[in-house]
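Chain U: place on chain F using the hints.
Sequences listed follow chains F and U, in order. Take 1 as the starting number for the first sequence in our numbering and just add one per residue. Take 1 as the starting number for the second sequence in our numbering and just add one per residue.
Please keep in mind that the hints were generated in silico from the structure rather than gathered at the bench. Keep in mind that a hint or two might mislead.
[Unchecked claim] Here are the in silico distance ranges between beta carbons for each label pair:
| hint | chain 1 | residue 1 | chain 2 | residue 2 | range |
| --- | --- | --- | --- | --- | --- |
| 1 | U | 47 | F | 53 | 18 to 24 Å |
| 2 | U | 131 | F | 116 | 23 to 29 Å |
| 3 | F | 53 | U | 138 | 23 to 29 Å |
| 4 | F | 104 | U | 74 | 37 to 43 Å |
| 5 | F | 10 | U | 67 | 50 to 56 Å |
| 6 | F | 84 | U | 138 | 24 to 30 Å |
| 7 | F | 10 | U | 74 | 54 to 60 Å |
| 8 | U | 57 | F | 73 | 28 to 34 Å |
| 9 | F | 61 | U | 60 | 19 to 25 Å |
Heads up, the beta-carbon is just placed ideally off N, CA and C, and yes, glycines get one too.
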Amino acid sequence: MGNGTHLGQVRGLGSARHGAQPWLQQRMTALGNIVLVGFLFISLLRLPLGEFGAVHRWASTPMVALALALMVISVFWHARMGLQVLVEDYVHGATRLLALAALNFFVFGGAAYGLFAIARIAFAGGPAA
Amino acid sequence: MAGKEMGARPRAPHLQVYKWGPHMTVSILHRVTGDGLAIVGTLMFLSWLGAIAAGPDAYAAFLACVWHDPAGGQLHQITNILGKIVLVGLTWAFFQHLFSGLRHLVLDTGAGYELKSNRMWSIIVMFAGAAATAATWAYLFAGAL
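The shape of chain F in the complex, shown without the other chains (with noise of 0.2 Å):
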């Protein structure tokens, strides 16, 4: 550990000296998922969920597009922190790499598959009911 020769640091050996980064990332992103996942559950509880328009019409906010939009940033980016620490953990040899690939695909998918959505609601309108 410590510095580490140049030879360890090529095969990744050692520190990278950008830890306390993803560190802090880690926790910042967790404060925001407190507020934001929080306000998502407290708003399930009280919303009549089996109403389409009733839902439509409260994700339309534009107040509440915009947390759902933070909540899906937060949560992914706090969530490829967490599976990139699982595959670290427990896949060795060369399926690390498939796998890290695939949480990467999949978080950076499933972000974009969620701010879309939230954009077609907020912004098209949507079918009205």
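What follows is chain U alone, placed relative to chain F:
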């Protein structure tokens, strides 16, 4: 690069040399619930959100699959049960990960490592996660009646 680190490098003694305690349970639950939410939770949320964006028919199809099918399709009778199990599981994972995460934020400040308080808060986190889940679904079913 990947895989090379599994060579002859020395490793610290791990699970096998320690007596199991609540702090270890709450630690592995944090990982399990976090990754469960990251995969199952996000997929469930995106399905719901996508159904809202796609319109009333898609939303009705989502509800029929996950919660209740007014037409009473045979396949949906099974998926409705699975849907409720997943939703209860996600509720528990949410609360467990939330409370456990709050515990970690406190631990990050350097507090709460004394044996007794560490054990106590580990147990409190697991109890609170289960209690909040039970309270949520009691509230939901009380409202439905």
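Each hint, compared with the structure:
1. U:47 x F:53: 18 to 24 Å: holds, 19 Å
2. U:131 x F:116: 23 to 29 Å: The hint (23 to 29 Å, Cβ to Cβ) is violated, given that residue 131 of chain U and residue 116 of chain F are roughly 37 Å apart.
3. F:53 x U:138: 23 to 29 Å: Cβ of residue 53 of chain F to Cβ of residue 138 of chain U: about 28 Å, so the range 23 to 29 Å holds.
4. F:104 x U:74: 37 to 43 Å: holds, 39 Å
5. F:10 x U:67: 50 to 56 Å: holds, 53 Å
6. F:84 x U:138: 24 to 30 Å: violated, 37 Å
7. F:10 x U:74: 54 to 60 Å: holds, 59 Å
8. U:57 x F:73: 28 to 34 Å: Taking Cβ atoms as reference, residue 57 of chain U and residue 73 of chain F lie about 29 Å apart, which means the hint holds.
9. F:61 x U:60: 19 to 25 Å: holds, 22 Å
Hints 2 and 6 from the earlier list are contradicted by this structure; the remaining hints agree with it.
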